[in-house]
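As you go down the protein sequences, you meet chains A and B in turn.
Position 76 of the first sequence, counted from 1, bears residue number 876 in my numbering, the numbering being contiguous throughout.
Position 344 of the second sequence, counted from 1, bears residue number 1144 in my numbering, the numbering being contiguous throughout.
No lab work stands behind these hints: they were computed from the structure.
Fair warning: this is a prediction, and the values are worked out from it, not measured in the lab.
Any given hint could turn out to be false.
When chains are identical, the list treats them as one kind, so a pair holds in a single copy or across two.
The list that follows gives simulated cross-link-like pairs (lysine to aspartate or glutamate, DMTMM-like), each with its CA atoms no further than 20 Å apart [what the hints assert, rightly or not]:
id : residue 1 : residue 2
1  : Lys985    : Glu1062
2  : Lys1052   : Asp1100
3  : Lys1043   : Asp1094
4  : Lys985    : Asp1038
5  : Lys946    : Asp1076
6  : Lys1052   : Asp827
7  : Lys985    : Asp1047
8  : Lys1135   : Asp1016
9  : Lys1052   : Glu872
10 : Lys1042   : Glu1132
11 : Lys939    : Glu1050
12 : Lys875    : Glu825
13 : Lys1180   : Glu1098
14 : Lys1042   : Glu1128
Number of protein chains: 2
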Amino acid sequence: MPDSIPENSVGIVKSQTLQFNTAIELDCGQVLNEYELVFETYGELNQNHSNAILICHALSSDHHVAGYYSMEDKKPGWWENYVGPGKPIDTNHFFVICCNNLGGCKGSTGPVSINPETGKLYGPDFPIVTVKDWVKSQKALSDKLKINKWFAIVGGSLGGMQVMQWAIDYPDLMYHAIVIAAAAKLSAQNIAFNEVARQAILSDPDFHQGRYYDHDTKPRRGLMLARMLGHITYLSDDSMRKKFGRDLREGKINYGFDVNFEVESYLRYQGASFVDRFDANTYLLMTKVLDYFDPASEYDGLISTAFKNTLAKFLVISFTSDWRFSPERSKEIVKGLLDCHRDVSYFEIKSHQGHDAFLMPIEDYMNVFSAYMETAATQKGLL
Amino acid sequence: MPDSIPENSVGIVKSQTLQFNTAIELDCGQVLNEYELVFETYGELNQNHSNAILICHALSSDHHVAGYYSMEDKKPGWWENYVGPGKPIDTNHFFVICCNNLGGCKGSTGPVSINPETGKLYGPDFPIVTVKDWVKSQKALSDKLKINKWFAIVGGSLGGMQVMQWAIDYPDLMYHAIVIAAAAKLSAQNIAFNEVARQAILSDPDFHQGRYYDHDTKPRRGLMLARMLGHITYLSDDSMRKKFGRDLREGKINYGFDVNFEVESYLRYQGASFVDRFDANTYLLMTKVLDYFDPASEYDGLISTAFKNTLAKFLVISFTSDWRFSPERSKEIVKGLLDCHRDVSYFEIKSHQGHDAFLMPIEDYMNVFSAYMETAATQKGLL
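Just chain A, same shape as in the assembly (with noise of 0.2 Å):
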């Protein structure tokens, strides 16, 4: 954090908590009678409600999306580049809000959360969701708020599946859709790191069945290994080559298996991190949510038929080094939509940072989203 807080930024920020008492009927068949969403909004909502804007987090993400919590914060939320004051989501006309999703490990209901039928933790007892569930429970949300319609759905990757299960899902909601660095599923290549991944954290002999809290430990090795994995996939070979290259440690070759190139040592110190700041039983359940994500299954098979009752305006962003969900995955999602003459733009933006692109300050990103929401904000009467 710098001495005072950029001119920029949407300050210092507080997070709220919501309670819900309606049952909520999860896809895998069970029902959760109650739970909480933690969430952090920026901005003013109008006072007709119609600049709200509702964005969805990625897989090891959470409601923290912009802002300081005080002014010792080190770091400001992980979208801080794309929302605050001026900035593409401009919160001096916008509502902004984002919830930790359901099953997560920031404050909404998730494994560390008490199960209120036993008393102790979920745990492992803790459903898996899907992304049909999380945008259940958004609609929740927007209700208790009173946002009738979303002026835009926004997210990237995980959280642009949940932008397109909304506007398949509610589709006279939301006026926006915007979906970057997503895919309309996973495939088989995704899913097995996926399950890579999760066979880390369940041999983990730490796991203990996830039932860890009760061990006074957590799968430390499993949940590290994961997340190296998840940066190898989230950079690209050539984000990788400018950032680290060969380079060694110590300048030298040191013929053992402590850390001797630079990128060793910066993947354990991001799988050691990680650690430190997430559950493994949420990243267990993360992880089912991206590789059950397939709309088009509802709708034999065809994206295009899942995408037919939708009404948003979408636009698509891809960028030319994410091998995570590459462009071609969003071609389909757009074709898919083309092919039911919904209204969408589409942007492949030119950039070497891989799936992380979405995240980082991007020139032409920039400006392409900035004067998207330009356009739709005056066309709304919202400038």
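Following the hints, put chain B in place on chain A, whose structure we already have.
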């Protein structure tokens, strides 16, 4: 194994072992005073020893390139598609040798051999070897076998790296260098995947600092994860899609962590079966051999300078869907050779099988490989 051995197979084969009592000084500075190499040969060595081909094996393979060990043997050697009578490496004309590399676990001296100084298994004390060390030991093997000059040295993946090192270190001891699906050095992404694999093994509580033999166990979980991850990088996204798609094992989502998708089942099977046939310490070593390979580093970082003294005619082959060592990496080799005016033929084979393509019977690949070998053999008067 079919009821009878196919006619175009080298048939029933037997491995041989040679003991070397001349010390070999390794790149790491350690010295092996004695070592053994296990190898197989196919075809007949001609009178003037001019028809010998050395095949160099990759990460997890070994000296069993072709043929069967018995009539009951279920699977032939790993390059049965390419080595045999009438095949690209035609054993009607050529005498073919492949040895298990130093540090291996299939019979050559390595972690599972007895350290003569202690009378116990080397285990983690086996020194970290390099491609250069391997080439040195293969040179010792050729001396014993009285092969003064190889007709060709051939290898795919890590095998291709040995071929390049041979051409650099012993330029006048070979006529042809055949480098398939390889790279002149690993990228940061390649090293990163290896590092995750290593961490999976090293952090397995059953690893016991590499002394798992003494504990009557092995790091099954770690080695399994390493192999699962490896498999993802051997296949292409496309080949995984063709092979598994999003097919579900039992036709429906199970909302749990048991095998759900076919690709999960495949990976778990590949991982589990590997553990039964491979040693974890050897796996760790092999990944380091890969990471450290960088012949240009001895020549001001320029691969063209490294290649300057080579005399071999090169054949370089890559595969369009190989993302572990992509065609771009092969083109770096070709460019390095052209920059110093070496003789090189390059073929980029269209394929969907990813890195594994180099093992597969692909028509274009077979044709190119056969044509090259035939022409070369004719020129040398072997046909």
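Outcome of the hint check:
Proximity of Lys985 to Glu1062 under the C-alpha cut-off of 20 Å is restricted to the inter-copy arrangement: shortest distance 16 Å between copies versus 34 Å within a copy. Taking CA atoms no more than 20 Å apart as the test, Lys1052 paired with Asp1100 passes between copies only; the shortest distance there is 15 Å, against 57 Å inside one copy. Taking the closest pair of Cα atoms, Lys1043 and Asp1094 come within 20 Å of each other only across two copies (19 Å); inside a single copy the shortest separation is 34 Å, beyond that limit. Taking identical chains as interchangeable, the C-alpha atoms of Lys985 and Asp1038 lie at most 20 Å apart only when they sit on different chains, with a minimum of 15 Å there against 25 Å within one chain.
For the homomeric pair Lys946 and Asp1076, neither the shortest alpha-carbon distance inside one copy (36 Å) nor that between copies (60 Å) is at most 20 Å. Taking identical chains as interchangeable, the C-alpha atoms of Lys1052 and Asp827 lie at most 20 Å apart only when they sit on different chains, with a minimum of 13 Å there against 54 Å within one chain. For the homomeric pair Lys985 and Asp1047, the shortest alpha-carbon distance between copies (13 Å) is at most 20 Å, but the shortest distance inside one copy (36 Å) is not. Proximity of Lys1135 to Asp1016 under the C-alpha cut-off of 20 Å is found in neither arrangement, the shortest distances being 50 Å within a copy and 57 Å between copies.
When the C-alpha separation of Lys1052 and Glu872 is checked against a cutoff of 20 Å, the pair qualifies neither within a copy, at 38 Å, nor between copies, at 49 Å. Proximity of Lys1042 and Glu1132 under a CA criterion of 20 Å is satisfied inter-copy only: 17 Å between copies versus 30 Å inside one chain copy. Taking the closest pair of Cα atoms, Lys939 and Glu1050 never come within 20 Å of each other, the shortest separation being 53 Å inside a single copy and 32 Å across copies. For the identical chains of this complex, Lys875 and Glu825 are neighbours neither inside a copy (37 Å) nor across copies (51 Å), given an alpha-carbon limit of 20 Å.
Taking the closest pair of Cα atoms, Lys1180 and Glu1098 never come within 20 Å of each other, the shortest separation being 33 Å inside a single copy and 64 Å across copies. Within a single copy, Lys1042 and Glu1128 get their C-alpha atoms only as close as 24 Å, which misses the 20 Å cut-off; across copies the closest is 16 Å, which meets it.
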